[in-house]
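**Student:** Each chain, letter by letter, is given below.
Number of protein chains: 2
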Amino acid sequence: MSETVNVAVDAMGGDNAPGEIVLGAVNAVKERENIIVHLLGTEDVVRSELSKYDYPKDRIIQVPTTEVIETGEPPVIAIRTKKNSSIVVGMQLVHSHKCDAFVSAGSSGAILVGGLVIVGRIKGVERPPLAPLFPTQKGCSIILDCGANVDARPSHLVQFAKMGSIYMQYVVGIDKPRVAILNIGAEEEKGNALVKETYPLLKNCPDINFIGSVEARDITEGAADVIVCEAFAGNIALKMYEGVGKTMLKEIKGAFMSSLRGKIGGLLVKPALKETLKKFDVSEYGGAPLLGLEGLVVKTHGSSKHKEVTNSIIQCISFKEQNINEKIKVNI
Amino acid sequence: MSETVNVAVDAMGGDNAPGEIVLGAVNAVKERENIIVHLLGTEDVVRSELSKYDYPKDRIIQVPTTEVIETGEPPVIAIRTKKNSSIVVGMQLVHSHKCDAFVSAGSSGAILVGGLVIVGRIKGVERPPLAPLFPTQKGCSIILDCGANVDARPSHLVQFAKMGSIYMQYVVGIDKPRVAILNIGAEEEKGNALVKETYPLLKNCPDINFIGSVEARDITEGAADVIVCEAFAGNIALKMYEGVGKTMLKEIKGAFMSSLRGKIGGLLVKPALKETLKKFDVSEYGGAPLLGLEGLVVKTHGSSKHKEVTNSIIQCISFKEQNINEKIKVNI
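The listed protein sequences correspond, in order, to chains Y and X.
Sequential numbering from 1 applies to the first sequence in the numbering used here.
Sequential numbering from 1001 applies to the second sequence in the numbering used here.
Please note that a few of the clues may not be correct.
Now the in silico label distances, taken between C-beta atoms and shown as ranges [to be verified]:
(1) X:Lys1083 with Y:Val330: 55 to 65 Å
(2) X:Ser1259 with Y:Ile77: 52 to 62 Å
(3) Y:Ala193 with X:Arg1080: 37 to 47 Å
(4) Y:Glu3 with X:Ser1155: 56 to 66 Å
(5) X:Lys1263 with Y:Met257: 12 to 22 Å
(6) X:Lys1263 with Y:Pro56: 27 to 37 Å
(7) X:Arg1153 with Y:Leu201: 19 to 29 Å
(8) Y:Met257 with X:Arg1153: 41 to 51 Å
No lab work stands behind these hints, which were simulated from the structure alone.
Every residue gets a Cβ at the ideal spot worked out from N, C-alpha and C, and that includes glycine.
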């Protein structure tokens, strides 16, 4: 049987905590026999949620915490002062190797700071990027950095390219993943100062399969497997993806409902449409790992429902099995 | 009757030139009686295209040119050396006030350089932004800068906010347009160095209705009327919009065709779907004006079909009628 993976899960973080988080954890241990979840949160609140479900009791361990870091709080102060919060305690479980990973839908800022300060960087990694997978026509791609380090430097982007390549090769199983830099044109002379400085570095990097620039409009077609960018641009690309998808679906559904003909047609196309939407549903891919830390930290959407939480927990298995951090250590 | 608007149109620029451009020009003069098109391009090529259509002959004037600036050419050299290209001659028609506007689907770089060097900036305007309208659930918004000035400074973004507000108020007809800065979080302390420096300047700018930050995922819902950003980020947001829309449609259509049930349903929902898609079709809004020049220069997509060309030409009417450049002069 495969090795057991211990995942600390923040039951208090995100818009739908604790209900959806706890259900996500319950489903994860039911789906995979080799997962043990350490569920962090206010003791009676979490117990009461857990009591709703039937699940293998020995594989969800409650870890009571007494504080909660709110989204609006200044991250550095929150991490320093709220020692008994679900985020700080979860990070410590990873730092002390009691857990392999920590999953949270809580404050992005606190998760980033906690990852750096408590879990710590792999030696040599300058800036750990937030690296979500997202669906494309060809399968999925990874985009990094998507929110951890604004105003990054060229050397950071080169490390992102290496870490993203390792992730795509060993977790997703793509041989020689195609690395591209997010740009506003295909030609080498296009771009802002950061892109122009980074481009030749990527071109001369022997460890990656660099294919040049990728424009945002070609990302969803699957034009590259690893997309490297500074966090501000990456965050905008990913959130635009989510926003356009959401708006178009809403509009299409609304259009179907506007006439009897549309309603009948809508019923007929429903299964096919559902299948397509599932393919382009970011929550199918779990959360975004913060790559380059001495342990795995996964940030899921603040709006995560149970399915995304489950997928984020399950995602930790391949990360451990493939020994991603060892590979990053060797490569950086 | 309303004033005549003279529009120079580049028949040689873009992936579908000259066919779609010439047809777009023909349709524009047929749709609006107060437009005169000055059609720039290789004489016999343009004449042969024009001969296919029936249109008011006195309102399309052929302006023969002998050179073409290709997309890959270094823009500054191209503008300097190809004096008889459709882009250079078109810009000169605007500079000499023989035309009110120039519309081109050609090389973005050459159009930007030509706009600055030949048409010239309005006094006080630091950097003319590329400012496309795009569809949202609530109607449309303008995003600027979308590709003209990478690595812009805070003072540029403040001018973008003012020019965008004028455009939305007088061309689109939105009273007190809501201005937001594109950001990666809603809180004031979020963002990169540029956003953090620009935010207080916008907040204290009396001429605009600043509502704070907007995240990319809320743009398509219509969260702001004027979205201000640096060109790299803006270009990524807009192209991501186009890419996701295109991919989703392709996938949805593919899904309908995958079964008989889907095919029948697809036929029934077709009219409703078509209506929705039309609403979210960027080409309905014409091209992107380069704001802040001593005349109007409109860049349409390289892949423009005739409809976008027609709409781009027609768009020039309100720009002239509303005297946008005078208003910019007063405000900057």
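**Student:** All hints, please: hold or fail.
**Tutor:** We went through each hint and held it up to the structure:
1. Roughly 58 Å separates the CB atoms of X:Lys1083 and Y:Val330, a value that falls within the hinted 55 to 65 Å.
2. Here the CB-CB span from X:Ser1259 to Y:Ile77 is close to 56 Å, well matched to the stated 52 to 62 Å.
3. At roughly 24 Å, the beta-carbon separation of Y:Ala193 and X:Arg1080 lies outside the given 37 to 47 Å, and the hint is violated.
4. Taken as a hint, the range 56 to 66 Å holds for the pair Y:Glu3 and X:Ser1155, whose Cβ atoms sit roughly 57 Å apart.
5. A hinted range of 12 to 22 Å holds for the C-beta pair X:Lys1263 and Y:Met257, which are about 21 Å apart.
6. Between X:Lys1263 and Y:Pro56, the C-beta spacing of about 45 Å breaks the proposed range 27 to 37 Å.
7. The hinted range of 19 to 29 Å is satisfied by X:Arg1153 and Y:Leu201, whose Cβ atoms lie roughly 26 Å apart.
8. The supplied range of 41 to 51 Å is met by Y:Met257 and X:Arg1153, whose beta-carbon atoms lie about 47 Å from each other.
In the structure shown, a violation is registered for the earlier hints numbered 3 and 6, in ascending order.
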